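Chemist: Listed below are the residues making up each chain.
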Amino acid sequence: MTKRTIPAVLLSLLLPTQGFPAVSGSVSAGGQVVNVVPDASKFNEYRDLKDGPYLYDFDVTSDMPGGYLFELSGSNAGRADQRYRLWAGRQGIHSLEFEWDEIPHSLSNRARTPYTHQGGGLLTVPGTVPLATKSLVPTAPQLVANDSLTAAYLRGTLKPIDLGNDREKASAVFKLFPAEGLTLRLGASNEERGGNKVSYGPIGDRPPRSLNIQLEEPIDYVTREMKFEADYQGKRSQTNVTFELSSFQNRIDAVTWQNIYVDPAVGTNEVWLDGRRVASYGRRPLPQDNLYRSVSVTHGVDLPLSGRLTAAASYGVAEQDNNLTPYSTSGAADAAGDGLAWNDAAKLPRGSAQAKHESKLLSLDYAANPFERTHVRAFGRYYGLSNKTPTSDWKYVTQDVTSGTGGVNHHNKRRNVAYQYAKQNYGLEGDYSIAFWRTTLGLGYEHERVERDNREANTAENIARLSARSRPLKWLSARAKYQYGNRQARNYDPNRMRASYWYAPAEAAGAANADAANTFDNHPDMRRWDVSDRQRHDVDFTLAAAPIEALDVSLSHRYRRDDHDSGVGSSQPLLDYAGVRAVDRTAASPGDQVGLLKDTRQSVGVDASYAVAKRLRLTFFGSREHSDSRHRGFEYQENNKADPSAVNGAELGPWTRANNQWMADVRDTTYSFGVGAEVDLIPEKLTLDANYNHSIGKVAIDYSGWGAVNPLTGAAYADNNQFGFRTPPVIRNDRYVVTTSMGYKVRKDLTVSLGYMFDYFKQRDWQQESDTPQSESVDGTDEMTRDTSQSNQWGNRLPNMGPYLASSYEAHLISLRLSYKF
Amino acid sequence: MTSQIGKCVGFALLLAMTAGGAAAKEVDWVSLNPAFKDAAFVKDPAACFGCHGDAEKAYHGTTHARLFKSGKTFPAGECGSCHGPRSKHVENPSRELALSPAQQNAACLQCHEGGARMYWKSGRHASGDMSCVSCHTVMQRKSEKALLAKEREDQTCYACHGEVRGQMNKMSRHPVNEGKVSCSGCHNPHGSVAKGMLKGASVNETCFKCHQEKRGPHIWVHAPVQESCQNCHQAHGSNHRKLLTSKDPFLCMSCHSYGGHVNAPRYNRVSSLRGEGCVNCHMAIHGSNSPSGARLTR
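Just so you know, the protein sequences line up as chains A and B, in that order. Take the first sequence: its letter number 728 is residue 762 in our numbering, and every next letter is one higher. Take the second sequence: its letter number 116 is residue 137 in our numbering, and every next letter is one higher.
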């Protein structure tokens, strides 16, 4: 549908209203000039501000005899962010509401790619890179020479591509009041989402041999939804029954991209110098069609003592049963391998996903005032997500490249496990009001228990709350809340991932191969923070004051500290090793917890509004939000878990060596403030609105330990060392926006407004740069970056769509609009 | 599935039977404020607007005014339905019958206690002494919908949740400032069955209302994703791409320490210091439906 179609249709709807008895409304139209330097998509990320004439907004209301009403409104007609709403009906009897809404999401207007989307998810390139050395394990000089050829290829083939995806949603709701107290609602919607987004196409096996490239992922979604709701409101109770259905469809099942290093003329794969087969195309499934249905019932009933009991139950089911793609696009058939080509769907344990989740919710909530000045609440809640997806034994074909034999190693025999969980919350809260300063004191307790299948731990948390709110003066009120939570992870099992392998222990007898199923997967000192022990302190304070009628001020402060210290100690994870390899059963971990250790978040804010005079009103807001999180990591040789002492002398050493730890303190701070003024320069005639908003975001990472220094010598690593990483530059996001509008009321019903906006955004992020101590562009081509170590690893190369895809900008906008009321 | 739906429908019918007579709730005005004793409903809007004429024009644009215009009749009359029996006030205008927030709530809930407001009495806003008029301007239509106190819904919420306004100014955010996503798209300010007054039964069910493509279900599950989107994303805004809670690859490394390239920011076999970090290869981070998706690289 073109951007102009809908405004035209709505205009035709408006025409009959000319004869309606009471038509009122407004229309605001005009034009604007926009200058964005450089022209960056970030400016119009979720909007469509362009040069030209504008129908900014309009609304028409027609009140008709008998309570019939017709309302039509819209904004940004003909633009990519246009929206319309139509409401017609008889108030309190029936109504029909229709809405059309478009949401643009611009991701980049400066990306470049060699790919052309041929439709249906197929991305092709014009020709391929004439590699000098076709090997997955080349020497460093060979690969560096290949890099230059790749950069030259990209320079010759790159073309601009707009990245972004837009939503167009049409929805309608019919509302009927068939009887006193009964309301029926039937809603339906259709949302189309089209465009693309940034994604990646790795072809290759493990990271050293992975041929990765940044590319567009096409988007062509449609979501159709239906919702039926029945609401019954009685004298003492209310009931709501809701049924929802949501059908998501992706018109593109998979993205298939051409390997820029392999000529498709060779067939599905090409055998490179090392004997490995490299696929001509990569393929992966895109978000799958799915169907979700749910039914819920909520009932609230008034009870004695101003009591209220609310009960809810719901059941939902999400299903997707899309046909599966084969393991790989590669058609290599090798008698020494599994005997079938990996692009043969017959190799799969099942042909379709058969994936299904069920969710169940039961909730009871009781609130009452059993005694004067006393309010109590008791609640219990159960939410369970059951994973009904069948488990199968799969072969993780290492990303479209097979080994020389075409076979799959034992550690690539993987089993999908059906993760599921059930969460229970129950608690009791009480408030008591005292006359002193009109104060209310509160006390609460809550218990949360989460039982998980196929995760490291179940957790149980006890939460205590204290609260107070008071109004010591008529114009002054304060609230404070403190919450303490103590979460315990019961029987944390670091070996939980073993369930996702299905090879026999004897298959792992080879000397150098990982034995993940029988040793450990995560480092034994790692505690995943979402299922670890946690102590939480949460303090919340707000002060609101209106010392004079013209002034409102509020102050707020929030502090939350999570401490994930789980009492980790040294452990010997190989003591009970069940495999057949030689193991060092005495090997012990250092015993320092790995993972997220602490996370502190703090915010302070102030909000003020001051009517200086009848003709002047000032507003101000300011906030500072800060988070400080501490991470500990541990680098070690993954292929020597069972015999760590074999790598004692290596930088990439054993998992037992404490010197292999690193620490990172991530400090994330945002300052946001704004001032505004509304002035009646000439009463009832000339007004001025001016606003200034400024936001500064900063992310600083203090990094130390492994990577910053050599764990064996303690000496600092050079920038081009393959492991070298030091504290990176601070990330900054600065944005400030000035908006002013001067309105002159020509007549009672006509206003002319002149507006000006200055919008500035600047982003500095080392991860978006082509050239940093760790990353460099090849031969000046930003779209071809590699690790500064210039080693022989394919995986540290990244042909990409460019740095700073969304980019910084400085924009000026001048608008002139006429607003007419009728 | 059929039996589950059957149970739910049965439960619904059972609950419906306890509903009592079908009518708006009656307000016991005297118990709310003893000063209402012996007062009668005025039932003459003209008498009220005789003194409160400044409110009349704005009131006529509201849903309430239109409801009465449609012919709906209430025993208490047009003004009295919400303001109570005020014959004594007509005789002796004073602030004696002014309503406290709790009393105002009782007036509103006589008609508005069903539907999305079912959890009002046990919700955080009610227990925090908020009243209906904290957010709604009943006598004037300032917003397109719901008679909000300010023209825009986000501005109404920011009046108390100023920290969210700051978060919505961050580099990565939902299109709330553009009016394309509203606070009530995710939250039910009148209370809900979920924490944070979320509209869905869980965090994920709330997010999936717009992000249906993330719903899966997937063959290969990323467990923390399935449990809560908030494990990795901050819905109100972030200084990191895609609303992430922390800088990648540090976000990923806060849970993953397998050995090899996963464990350190730099490990020259991978390109994680450029682009989108670990997601450069593990782009199916929300779950995979590929037979070769065990490591979420497909």
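Please note that the accuracy of each hint is not assured.
Unchecked claim - Reference listing, derived: stretches of chain B covered by chain A, where coverage requires no fewer than 3 residues with Cβ under 8 Å from a Cβ of chain A: (1) 90-99; (2) 109-120; (3) 134-146; (4) 235-246; (5) 254-267.
Just so you know, these hints were derived from the structure itself, not from any lab. On a predicted model such as this, the values are computed, not experimentally measured, just so you know. Ideal Cβ placement from N, Cα and C applies to all residues, glycine included.
Chemist: Out of the numbered hints, which ones does the structure contradict?
Modeler: 2
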